[in-house]
Structure formats: C-alpha cells, structure tokens
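Just so you know, we're using the UniProt record's numbering here: the sequence shown kicks off at 1 and counts up by one.
Worth flagging that the hints you see were computed from the coordinates, not collected in a lab. There may be inaccurate statements among the hints.
As the list claims (entries may be wrong) - PhoX-like cross-link-like pairs, simulated, lysine-lysine; straight-line CA separation at most 25 Å:
1. LYS109 - LYS76
2. LYS117 - LYS62
3. LYS76 - LYS117
4. LYS152 - LYS109
5. LYS38 - LYS62
6. LYS38 - LYS76
Here the structure is a predicted model, which means the values were calculated and not measured.
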Amino acid sequence: MSKCPGIYNDIGKKARGNSFLSIGTDLSFNPATRQLDKYNAGLSFNIPILNASLTLNDMGDKLRASCYSSISPLSKTAIALELNHQFSRSETTLTYGAQHAIFPVTLVKARASSDGKLGALIQQQLFPSFFLTIAGDVDTQTSVNGVTRSSKLGMSLAFRS
Numbered sequence: 001m002s003k004c005p006g007i008y009n010d011i012g013k014k015a016r017g018n019s020f021l022s023i024g025t026d027l028s029f030n031p032a033t034r035q036l037d038k039y040n041a042g043l044s045f046n047i048p049i050l051n052a053s054l055t056l057n058d059m060g061d062k063l064r065a066s067c068y069s070s071i072s073p074l075s076k077t078a079i080a081l082e083l084n085h086q087f088s089r090s091e092t093t094l095t096y097g098a099q100h101a102i103f104p105v106t107l108v109k110a111r112a113s114s115d116g117k118l119g120a121l122i123q124q125q126l127f128p129s130f131f132l133t134i135a136g137d138v139d140t141q142t143s144v145n146g147v148t149r150s151s152k153l154g155m156s157l158a159f160r161s
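Taking the hints into account, I'd like the entire structure generated from these sequences.
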C-alpha cells in the first residue's frame with residue numbers, strides 16, 4: 001500500500017477468457033508519484049490433455065512459462081514443467097516434476113530444477129478429509145567439500161472439506 005492512504009488507485013486484477021484461453025493483468029498506479037507500482041500480465045491455455053500458462057511479473061522483470069499434463073487421471077499420474085527467466089540477472093531456471101498415486105490414498109511427487117534443487121513428498125490420506133504430508137528439499141549447489149549445507153524436511157497435517 002501507499003504511504004498516503006486514500007491516494008492510491010488499484011486498476012486492476014482483471015481477467016477475461018473462457019475455459020480454453022484466459023488473459024489477465026494486475027496494475028497498480030500511485031498518483032502521488034505518478035508511477036506504476038506494480039504490473040503483471042498473464043495468459044493461460046487449457047485443453048483436456050494440457051494446461052499451459054505464460055506470466056510476466058515483478059514489473060516485467062520475471063517471465064514464467066509453465067505446463068501441466070495429466071497422463072492418467074485414475075492413478076493421478078501427471079508431469080509438469082516450469083521455465084523461469086529473470087531479466088535483471090539474466091538467469092534462467094527449468095524445473096520439471098511428476099506425481100503418481102502408488103495407492104488410491106497415497107500420492108508421491110518429485111521435482112528437480114536446473115539450478116540443483118531437488119524435492120519430493122509423500123502424501124497419505126488417513127481419513128476422507130485428513131491428510132499427512134512429509135516433504136523434503138535439498139539444494140545440491142550449496143555443498144562444501146561434498147557435504148550438502150541446505151536441506152529441509154517437513155511434515156504437515158491438513159483437513160480438507
């Protein structure tokens with residue numbers, strides 16, 4: 001928000017489209033400084049076998065392209081790709097991932113990125129609306145003498161209605 005309450009215009013979070021193609025923007029203009037404080041834009045393309053999107057974020061500094069495809073709805077098998085580019089750093093990262101239900105109540109997901117980050121999780125449905133998730137991440141680029149210095153392990157319990 002602006003330091004001057006009441007002198008701030010939010011132009012929008014506007015989206016237009018249908019289930020096949022959607023286009024949207026998010027603009028914020030600050031009349032006190034006469035500048036755009038925020039602008040983002042995106043579009044998405046959806047067909048039964050593929051969901052894809054392209055977004056421009058952080059005042060045009062970050063471009064993200066992603067796609068998701070369900071391979072087998074019965075086993076919840078799917079693959080996804082995400083390409084991120086930050087123009088100010090001239091840095092590009094590709095992340096790919098997959099998921100599969102090894103049992104109807106147990107989902108396994110894994111992902112890897114071109115900058116050396118790996119992640120995995122296992123989600124178990126304990127009751128119809130109660131889920132236990134155990135997840136881990138490791139950054140292989142932050143190792144010293146072959147010893148990884150950045151890793152995370154977490155657990156969550158979730159209720160869904």
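Verification of the supplied hints:
| no. | hint | in the structure |
| --- | --- | --- |
| 1 | LYS109 - LYS76 | holds, 10 Å |
| 2 | LYS117 - LYS62 | holds, 19 Å |
| 3 | LYS76 - LYS117 | holds, 24 Å |
| 4 | LYS152 - LYS109 | holds, 16 Å |
| 5 | LYS38 - LYS62 | holds, 13 Å |
| 6 | LYS38 - LYS76 | violated, 37 Å |
The structure fails hint 6 only (numbered hints given earlier).
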